[in-house]
Amino acid sequence: MKEVFEGIADLFGALLSPFKMLSELELENWWLANSISWLAILILCVALGYWMNKLRIFDANGEEDKSQTAHSFLGKNQE
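Each position in the sequence shown, counted from 1, maps to that position plus 1194 in our numbering.
These are computed hints drawn from the structure, not numbers from a lab.
Among the hints, a few may not be true.
Said to hold, decoys possible - Pair by pair, the computed Cβ-Cβ distance ranges are: (1) Leu1238 to Glu1258: 32 to 38 Å; (2) Asp1204 to Ile1251: 38 to 44 Å; (3) Trp1224 to Met1195: 41 to 47 Å; (4) Glu1197 to Asn1255: 50 to 56 Å; (5) Lys1196 to Glu1222: 33 to 39 Å; (6) Val1198 to Ile1230: 30 to 36 Å; (7) Gly1256 to Lys1196: 41 to 47 Å; (8) Lys1260 to Met1215: 26 to 32 Å; (9) Phe1206 to Ile1230: 20 to 26 Å; (10) Thr1263 to Glu1220: 33 to 39 Å; (11) Lys1260 to Ala1203: 27 to 33 Å; (12) Glu1218 to Lys1260: 46 to 52 Å; (13) Ile1237 to His1265: 27 to 33 Å; (14) Ser1229 to Ile1251: 31 to 37 Å.
What the hints assert, rightly or not - Below, computed lysine to any residue pairings styled on SDA-like, alpha-carbon distance capped at 25 Å: (15) Lys1260 to Ile1237; (16) Lys1248 to Ile1235; (17) Lys1214 to Ser1229; (18) Lys1214 to Trp1225; (19) Lys1196 to Leu1219; (20) Lys1248 to Asn1228; (21) Lys1248 to Leu1238; (22) Lys1260 to Leu1249; (23) Lys1196 to Leu1216; (24) Lys1196 to Ala1208.
Beta carbons are placed, not taken as given, at the ideal position from N, Cα and C, and that holds for glycine.
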C-alpha cells in the first residue's frame, strides 16, 4: 500500500514540476517569470474566446439539442 502512495506522490511531483521551476525562476528573474505567467493567461483567454465563438456558431445554426432529454442525466428522475 505504501508503494501506491509513493507512486501518487511521484506522479504529482512530475506533473507539478513546471510550477516548481517557475517558482525557482521567480527568485532569479521576476520579470521573466511573470512574462511566462501572462503568456499562459493570454493563451488561455484566446482559447476560451475561440471555444465560445464555436459554441455561438453551433447555437446560431440550431445544431444543439436543447430538449430536456438531450443528455441522459437530465431526463432521469431523482428518487
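So, going through the hints one by one against the coordinates:
1. Distance hint check for Leu1238 and Glu1258: the Cβ-Cβ separation is about 24 Å, which falls outside the suggested range of 32 to 38 Å.
2. Asp1204 and Ile1251 have their C-beta atoms about 43 Å apart, which keeps the hinted 38 to 44 Å range intact.
3. For Trp1224 and Met1195, the Cβ-Cβ distance of about 43 Å falls inside the hinted range of 41 to 47 Å, so the restraint holds.
4. Under the hint 50 to 56 Å, the C-beta atoms of Glu1197 and Asn1255, about 52 Å apart, fit the expected range.
5. At about 36 Å, the CB distance of Lys1196 to Glu1222 agrees with the hint of 33 to 39 Å.
6. At roughly 34 Å, the beta carbons of Val1198 and Ile1230 sit within the given window of 30 to 36 Å.
7. A beta carbon spacing of about 56 Å between Gly1256 and Lys1196 contradicts the range 41 to 47 Å that was offered as a hint.
8. Here the CB-CB span from Lys1260 to Met1215 is close to 45 Å, at odds with the stated 26 to 32 Å.
9. For the pair Phe1206 and Ile1230, the beta carbons lie near 21 Å from each other, so the given range of 20 to 26 Å is met.
10. Between Thr1263 and Glu1220, the C-beta spacing of about 51 Å breaks the proposed range 33 to 39 Å.
11. Restraint check, Lys1260 to Ala1203: a C-beta distance of roughly 45 Å breaks the suggested window 27 to 33 Å.
12. Between Glu1218 and Lys1260, the C-beta spacing of about 49 Å keeps the proposed range 46 to 52 Å intact.
13. A C-beta distance of roughly 30 Å is found between Ile1237 and His1265, which places it inside the suggested range of 27 to 33 Å.
14. Roughly 33 Å separates the CB atoms of Ser1229 and Ile1251, a value that falls within the hinted 31 to 37 Å.
15. Proximity of Lys1260 to Ile1237 is assessed by CA-CA distance (about 30 Å); at most 25 Å being required, the pair is judged violated.
16. For the suggested pair Lys1248 and Ile1235, the alpha carbons sit about 20 Å apart, so the restraint of at most 25 Å is met.
17. The suggested pairing of Lys1214 with Ser1229 holds, with an alpha-carbon distance near 16 Å, which does not exceed 25 Å.
18. At most 25 Å may separate the alpha-carbon atoms for a hinted pair to count; Lys1214 and Trp1225 meet this at roughly 17 Å.
19. Distance check on the hinted pair: Lys1196 and Leu1219 sit about 33 Å apart at the alpha-carbon level, beyond 25 Å; violated.
20. With a CA separation close to 30 Å, the supplied pair Lys1248 and Asn1228 exceeds the 25 Å bound.
21. For the given pair, Lys1248 sits about 15 Å from Leu1238 by alpha-carbon distance, which is consistent with the 25 Å threshold.
22. Restraint check: the Cα-Cα separation between Lys1260 and Leu1249 comes to about 13 Å, which is no more than 25 Å; the hinted pair holds.
23. A distance of roughly 30 Å separates the Cα atoms of Lys1196 and Leu1216; the hinted pair therefore is violated under the 25 Å criterion.
24. A hinted pair counts as satisfied when its Cα atoms are at most 25 Å apart, and Lys1196 with Ala1208 qualifies at roughly 18 Å.
Of the numbered hints given earlier, the model fails hints 1, 7, 8, 10, 11, 15, 19, 20, 23; all others are met.
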